[in-house]
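Participant: Guided by the hints, dock chain D onto chain E, whose structure is given.
First to last, the protein sequences are chains E and D. Everything in the first sequence is counted per the UniProt record's numbering, starting at 1 for the first residue and increasing by one. Everything in the second sequence is counted per the UniProt record's numbering, starting at 1 for the first residue and increasing by one.
For the record, the hints were derived by calculation from the structure and aren't laboratory data. Hints may contain errors.
Note: identical chains are not told apart, hence a pair may lie in one copy or across any two.
What the hints assert, rightly or not - In silico DSS-like cross-links for lysine-lysine, where the CA-CA straight-line distance does not exceed 25 Å:
#, residue 1, residue 2
1, Lys150, Lys121
2, Lys121, Lys33
3, Lys121, Lys79
4, Lys121, Lys105
Since this is a predicted model, take the numbers as computed values, not measurements.
2 protein chains.
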Amino acid sequence: MLTLFHHPLFATCRFIRLVFGEYGEEIALIEEKPWTRRKEFLALNPAGTLPVLLAEGDVPIVGAMTIAEYLDETRGVLKRDRRLFAEDPMDRAEIRRLVDWYLTKTESEVSRHLVRERVLKPLMPEALGGGSPDSGAIRAARSNIRQHMKYTNWLAGTRHWLAGARITYADLAAAASISVLDYLGEVDWRDHPAAREWYTRVKSRPSFRPLLSDRVRGLSPVSHYADLDF
Amino acid sequence: MLTLFHHPLFATCRFIRLVFGEYGEEIALIEEKPWTRRKEFLALNPAGTLPVLLAEGDVPIVGAMTIAEYLDETRGVLKRDRRLFAEDPMDRAEIRRLVDWYLTKTESEVSRHLVRERVLKPLMPEALGGGSPDSGAIRAARSNIRQHMKYTNWLAGTRHWLAGARITYADLAAAASISVLDYLGEVDWRDHPAAREWYTRVKSRPSFRPLLSDRVRGLSPVSHYADLDF
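Chain E with its partners taken away, still in its complex shape (with noise of 0.2 Å):
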């Protein structure tokens, strides 16, 4: 079994376990607090980014799209229709951009943001960065939220699934993000319906159970977070 070190609120690594779901495969998970710059961590990960994968023969395969990426090359090139890439250079392509979309573009504009506000600032020690949240990035944060949100439903509403007719890394790359904003509280699906019903899709999948019985500590989901109809 390989070992995914992660965090549970962090959309990178929620992403790679989505993978791992709809692929049948189990991991290991090891839940890694990478302001705490681990020296063991670093030796794997000298960027200390989340996530690190440890592969076969335990070498370590760092960062979201690379061990997506690796698990296409060694998994879904073999599973026919069920595979979450595609075979097209172009469509191919188009996923890439939405993966990243989500992991890099909504990730620096609102949900690290929300996190290390909301979530991770409580917890830490003050030398690592802890205190009170930052009310002026959390309402920057949440003020750019509803561009995403926008995106997201004119891309549901627009294809059956966000990169096209069949489930992608695109899509759960950005069911990845957007649930980490739903723990919070931070989504108003009201104005979204296309992108709440793609939601919802995904939200129902197998894959996506463990990451709906996930908890932080201090901080509670919103009560329909784990909810299949919300």
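Facilitator: Frame of chain E, contents of chain D only:
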């Protein structure tokens, strides 16, 4: 001929120009100022980021690594020992890790800030974020450079090319990133002899020539920038 929307001092764009150069394929360049949020450009890439490649059939391919993957799938696989990527999934993961290091980590910790403060802000209208450079941001970025040069020096001293025995995307991404800092005179080469020897090797390749004649308005490169024996 394909078209690349780029900015001459963005490492992500330089990386793609190097890839085309190595494969001996000419491209048309269109310089884009993404902060103007030009409507026609946003239609190609709603994220408003660079680089964007207009590929076959004028389909936009968005983002440096996504373009690099596309070029590998449509060109690289045919290049045999001139391919800039590896065959083995683990080797591919290591190349992707390093590309991400230089184009995401170095970018967000160093290059983005120095380019914004020293190159773009003096040229940008105040309404779009222009104005005097923020000396605090410059200082913070500068204090991060050393770590990236130290890591590059370690890689270059341990391996012949940064990801192993052959030149790959990892070298082109790293050299693209460092070349921007070198243009700005921000690299102290004396302390990093292995990185210097490696960079001289990359810089001497024909694919690098167009980058060495790049100039941005209002800011000439340091005197050794285009010198192959610096």
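Participant: Does each hint hold? Answer for all of them.
Facilitator: Quick rundown of the hints versus the structure:
For the homomeric pair Lys150 and Lys121, neither the shortest alpha-carbon distance inside one copy (29 Å) nor that between copies (30 Å) is at most 25 Å. Taking identical chains as interchangeable, the C-alpha atoms of Lys121 and Lys33 lie at most 25 Å apart only when both belong to the same chain, with a minimum of 12 Å there against 36 Å between chains. In the homo-oligomer, the alpha carbons of Lys121 and Lys79 never lie at most 25 Å apart, since the shortest distance is 41 Å inside one protomer and 49 Å across protomers. Taking the shortest alpha-carbon separations for Lys121 and Lys105, both the intra-copy value of 22 Å and the inter-copy value of 22 Å come in at or below 25 Å.
Violated hints, in rising order: 1, 3; the structure is consistent with all others.
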